[in-house]
Structures are given as structure tokens and as C-alpha cells.
Amino acid sequence: MTDCYYPVREVEVDLLYLTSEQAKDVVIQTIRNCHSNKVPHVKFITGRVNHINANGERGVIYEAFPSWM
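Here my numbering is used: the first residue of the sequence shown is -8, the next is one more, and so on.
Rather than coming from a laboratory, the hints here were simulated on the basis of the structure.
Where a beta carbon is used, it is the ideal one built from N, C-alpha and C, also for glycine.
Possibly wrong hints are sitting among the right ones.
To be verified - Estimated spans, in silico, between C-beta atoms of each pair: (1) H26 with P57: 12 to 20 Å; (2) Y(-3) with G50: 29 to 37 Å; (3) P(-2) with G50: 33 to 41 Å; (4) L7 with V30: 29 to 37 Å; (5) S27 with D5: 19 to 27 Å; (6) Q20 with Y53: 16 to 24 Å.
Construct all of the structure, not just a fragment, from the sequences and the given hints.
Following this line, the structure appears as C-alpha cells:
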């Protein structure tokens, strides 16, 4: 029997329920891992969050995400 190999073309990461600091660490590590493994597409789900979190903030990850690139 022959082994089948299908390269990973896309990774999807949901950042919902993470703190901003945790999400930033996950984003950086995911990008590094995907680059090392030649994964061409990464999709991060930040959630624009229509509700207010425990700190009285909303959409913190969504707002901070571009500065992590």
C-alpha cells in the first residue's frame, strides 16, 4: 500500500476567547510554523465581538491584530 500525502494548503485559527496577549503569541507562533512548513495560507478569526468583555472592552483582538503583522 502506498502512503498518501496531501500538503496542508491552509490553516484556520480561531482567536476567540483568548486574551490579547495570548492571541498575539498564537498569531506569531502560527505564522512561524506555517512559514517553516510551507503552508501558503493562514486564516485568523478575530471576531469583531458585538458583546462587551469582562474588561468592558469589545473587539480588542480585532483592533490590535494589524499591528502584530
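Evaluation of the provided hints:
1. Taking 12 to 20 Å as the suggested C-beta distance range, the pair H26 and P57 conforms, at roughly 19 Å.
2. A beta carbon spacing of about 36 Å between Y(-3) and G50 agrees with the range 29 to 37 Å that was offered as a hint.
3. Range check, P(-2) to G50: about 34 Å between beta-carbon atoms, so the 33 to 41 Å window is met.
4. For the hinted restraint 29 to 37 Å between L7 and V30, the CB-CB distance of approximately 21 Å leaves it violated.
5. Between S27 and D5 the C-beta distance comes to about 21 Å, which sits within the given range of 19 to 27 Å.
6. Between Q20 and Y53, the C-beta spacing of about 19 Å keeps the proposed range 16 to 24 Å intact.
Against the hints set out earlier in the document, a violation occurs for number 4 only.
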